[in-house]
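Using the sequences and the hints, build the whole thing.
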Amino acid sequence: MLQCRRLWSKCPLVARRWRMCILPHMKYRGMFVLNFVWKARRKDKDAVPANQEEPKMYLESTVLECTIPESRLRDLVDLPEGLDYNEWLASHTLAFFDHINLLYGTVSEFCTMSGCPDMTGPGNRQYLWFDEKGKKCKVAAPQYIDYVMTFTQKTVNDESLFPTKFERDFPPSFESLVKKIHRLLLHVLAHLYHAHFREMVLLQLHGHLHSLFAHFTLFNYHFSLVDPKDAEVLQDLAVALGLCPPNPSDGTLPSQATTMTTEDDGSAAAGEPAETTTTAADTVPTFVSDCAIAASGDSAVSCMQ
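Going by the UniProt record's numbering, the first residue of the sequence shown is number 1, and it counts up by one from there.
A couple of the hints might just be wrong.
[What the hints assert, rightly or not] Derived DEER-like restraints, expressed as beta-carbon distance ranges: (1) Glu199 with His222: 24 to 32 Å; (2) Ser108 with Asp131: 20 to 28 Å; (3) Glu159 with Thr62: 26 to 34 Å; (4) Thr112 with Pro171: 16 to 24 Å; (5) Lys138 with Lys180: 15 to 23 Å.
[Claimed, not checked] Here are the computed lysine to aspartate or glutamate pairs in the EDC-like style, where the Cα-Cα straight-line distance is at most 16 Å: (6) Lys180 with Asp230; (7) Lys138 with Asp118; (8) Lys179 with Asp227; (9) Lys154 with Glu109; (10) Lys179 with Glu87; (11) Lys180 with Asp227; (12) Lys165 with Glu87; (13) Lys165 with Asp84; (14) Lys179 with Asp230; (15) Lys56 with Glu199; (16) Lys56 with Glu167.
Hints in this document: simulated from the structure, not taken from any laboratory.
Virtual Cβ for every residue (Gly too), placed ideally from N, Cα, C.
As C-alpha cells, this is what we get:
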C-alpha cells in the first residue's frame, strides 16, 4: 500500500486514472457481490421446505382399522329396483348432510376464527366461498362451514327443490343441485380430516367419520356426483380404505377395483377384492344405513319426512 502511495505521488496521472476508472468498478463489483450474497441468504431463509406438510394422521394403520367392510357399504349404494333415482339421491343427500353436520358439531368448539382462519383441506388446499355477486371471498373455516350448512338446510327444506309429497316431481336441475351440495359437503369432510382429526380420535369418533366418508365416497363414485379433481384431496384416504379404483377417470366402479395398499402410487396390487379390516361388530352402523335401509324396503319411505 505504501508503494502504491509513492507511485501515485510520483505519477499523478496514474492516480487520477485509478480514482476515475478502476476504483468505481471495484466498488460496484463489491456491492454486486454483497447484494448477491444477501439475496442468496434471503432466498434460503424464505425457501419452503420440500416436506413442510405434516404427516397425515388419518392414514395411520391404527386408525384405518376402525371402519366397516366396503362390501357391506356397497349394498347400501346400489339403486334398489323400482325406486326412483332422484328419490335415492335425495334420501342419501339428506342423510349425508345430517351426519356430517352432527360430526362437525362434536368438534365445532375447536374450529374457531383464530384457530382456523382459512378453510383448508389436506395438502394445504384452500377453499373460497362465492358471495351473492359471484365473487370469490376468503372466509374462516367456521364461517365457511356455516354457509355450507345454511345453504344445504335451506335447499333441502324447499319443497320445490326437494319434494316430499306424493306425486310431486323433482325439478329438472335436481341432479346438478345434488352435485353442488355433495361438493360442499366434501369440503367440510376435507377440513375435518385436515384440521380436526386428532380431536376425532380423542373423542373416539374417527371410526364413525371413516364409515361416513366410505359411504359418501362409494355413493359419489357410483353415480359420478363429485368431480375427480375435487375428490383428489382425500384420494389417498380412499386408496388406503380400498374405496377408489386404480384410475378414477377410467370409469370403473370401486366395486370392480382390486386391492390397493397405502404404499401404492395408484396402481392396483394383484390379489383379492378390496376389503378393509374392522374391529367393530359385523352389523352396519345405524348412522350410515338408516336412510338407505328405509328406502330399500318393501315400500319406499322418504327420509326427508
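Enumerated hints in conflict with the structure, sorted upward: 3, 4, 9, 16
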